[in-house]
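In order, the protein sequence lines correspond to chains A and B. Using my numbering, you'd call the opening residue of the first sequence number 1 and step up by one each time. Using my numbering, you'd call the opening residue of the second sequence number 150 and step up by one each time.
No wet-lab data here; the hints were simulated from the structure. Take these hints with a grain of salt, some might be off.
As the list claims (entries may be wrong) - Sample of chain A residues at the chain B side, in silico, Cβ under 7 angstroms:
{"id": "1", "residue": "Leu23"}
{"id": "2", "residue": "Gly26"}
{"id": "3", "residue": "Ser45"}
{"id": "4", "residue": "Glu46"}
{"id": "5", "residue": "Asp69"}
{"id": "6", "residue": "Thr70"}
{"id": "7", "residue": "Asp93"}
To be verified - No more than 25 angstroms apart at the CA atoms, straight line, and that leaves these computed lysine to any residue pairs for SDA-like:
{"id": "8", "chain 1": "B", "residue 1": "Lys359", "chain 2": "B", "residue 2": "Val341"}
{"id": "9", "chain 1": "B", "residue 1": "Lys471", "chain 2": "B", "residue 2": "Ala166"}
{"id": "10", "chain 1": "B", "residue 1": "Lys471", "chain 2": "A", "residue 2": "Leu22"}
{"id": "11", "chain 1": "B", "residue 1": "Lys471", "chain 2": "A", "residue 2": "Ala123"}
{"id": "12", "chain 1": "B", "residue 1": "Lys471", "chain 2": "A", "residue 2": "Glu115"}
Please read all numbers here as calculations on a predicted model, not as lab measurements. Glycine is no exception: its CB is placed at the ideal position from the N, C-alpha and C atoms.
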Amino acid sequence: MTDRRGVSFTLNYVLTLGIAALLITGLIVAAGDYVGSQRESVVRSELEVVGHQLAAALEQADRLVRAGDTEELRLNHTAPAEIAQSTYTIEVDPGSPESDLHLNATELDVTVTVEAETTTSLAATAVEGGSVTIEYNTTTANELEVTDD
Amino acid sequence: MADLSEGGRGQLLLVTALVLAVVFVSLSVVVNAAIYSENIASRQDPSGTDALQGRHETAVMAVDLLASVNRENNTDNATLGEGLRGGLDETGEFVRLERAKRGSLTNTTLQTSSQNNGTIVYQNESRELTTADQSDATPGNWTVVRNVNRRAGGNGTRAFTMNLTSISGDLRILVVDYGASDVWGLTVSGNVGAGNDITVEVDSPVSSTKNCTKTLDSGHAEIDVTGGTVAGEPCDALRGSYRFAHGVGDRYNISVENGDQATGNYSLVIRNTTAWKKAANDSDFQLNYTKASGGAPYARAAVYNTTVVYEYRSSELVYETKIRVAPGEPDD
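Could you put together the complete structure from these sequences and hints?
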């Protein structure tokens, strides 16, 4: 009787621990996946925002250039260096009149493409995400260039 | 046995709590990033707009200044240049103070090397559109200016406006190519008066004839020849391929026909300093204008165009641009 109660007692604990571990593991995995998917969604959303902000800055620079005979233009554009704790890159793919800005979050491999419509041509560049400078190159190509100086 | 089991369960809960804490912290970071992205989405970069606004203010003031200097000074081009520089210093100060309140700096300077001197031809009293002398057999048919040369890719006449108070025939303004036979012709007909229609017809050397008719709401007809408006409304016959002097070569004369059949005043600025003078061996042309006193029309020294350099500096933006000031100049 005592032995059987002992076995039952041990088995009871083992089963309890097993089920608890299983539930907790499920909870952690589900929570982890949820956080991961939310992070990706937020990164995508924020890349779009940063991309549109940069497109707006490029279009602003374009308006300044088109206003007249521009001698010098340097526009400092402020943007976060990291998005949801991930660094990102900005690639300018020139087109006429719509250029593509490809923003890629390096850790998550999430890429977002935003269009910028400018009359002034853009230089094909790739820079680290963060605060960038938009410069009007008057010496050679008469184009707007995004640099991360 | 029981102690060991309880210890194991405790560790499991501890690890779980720790992992869940990490998950919640990560979630808060993600939520924070989402809030931050919404925050930066609503941000605006005011520098570009402010710089453009300052540029526009400078351009508007420079245009008014140029018109004012041309109207008020009648001595020589050097005096006009001095007037422009002095005026721009004062108007530039206004733009500078406005920008300084917002933490940015501006500087406006006159680029004297780019100043083009010209002549303003005007009649500021209501009379027939004839020569000053009126001794010719046909004082209503005369050449207003000759050998006006265009700037590269542009025109050589600007701010050509007429304000007619009566028309009894067909008033014609002709732009005749100096070397070839191309003619751009403007014919004004109708009866000037409130509620009456006035018709402007243009013969362009590169297009067919086009006209526009406008109803006047007062006793005078304002025609902005280079601006392309009649009675303050856009006139298609003075725009596009029918615009002033379009299709005529790089050098042209401007003449009037039937000037004695219309009454009113007018003004135009041309790019040459001597275009109003006739050739040295033909003194009659000089009688077209009044030199010192007497009746209109007048021909006086004027600034055709100038360039203002506008600089803007703020923590976000460095911008330097040239503003060409030639109010009322049509495209080529």
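For each hint, the structure was consulted:
For leucine 23 of chain A, the interface hint is violated, since its Cβ never comes within 7 angstroms of a Cβ in chain B; the closest pair sits about 10 angstroms apart. Because the smallest distance between the Cβ of glycine 26 of chain A and any Cβ of chain B comes to about 11 angstroms, over 7 angstroms, the interface hint for this residue is violated. Taking 7 angstroms as the C-beta contact cut-off toward chain B, the hint placing serine 45 of chain A at the interface holds, the least distance being around 6 angstroms. Interface hint status for glutamate 46 of chain A: upheld, as the beta-carbon distance to the closest one in chain B is roughly 4 angstroms, under 7 angstroms.
This hint holds: aspartate 69 of chain A has a C-beta 4 angstroms from the nearest C-beta of chain B, less than the 7 angstroms allowed. Interface restraint check: threonine 70 of chain A against chain B, minimum CB-CB distance 5 angstroms, threshold 7 angstroms, status holds. Taken as an interface hint, aspartate 93 of chain A does not check out: its beta carbon lies about 23 angstroms from the nearest beta carbon of chain B, beyond 7 angstroms. Proximity of lysine 359 of chain B to valine 341 of chain B is assessed by CA-CA distance (about 20 angstroms); at most 25 angstroms being required, the pair is judged to hold.
For the hint linking lysine 471 of chain B to alanine 166 of chain B, the alpha-carbon distance of about 66 angstroms lies beyond 25 angstroms, and the restraint is violated. For the given pair, lysine 471 of chain B sits about 73 angstroms from leucine 22 of chain A by alpha-carbon distance, which is inconsistent with the 25 angstroms threshold. Simply put, lysine 471 of chain B and alanine 123 of chain A have alpha-carbon atoms about 23 angstroms apart, close enough for the 25 angstroms limit, and the pair holds. Only pairs whose Cα atoms come within 25 angstroms are accepted, and lysine 471 of chain B paired with glutamate 115 of chain A is rejected, the gap being roughly 30 angstroms.
Checked against the numbered hints above, the structure breaks hints 1, 2, 7, 9, 10 and 12 and satisfies the rest.
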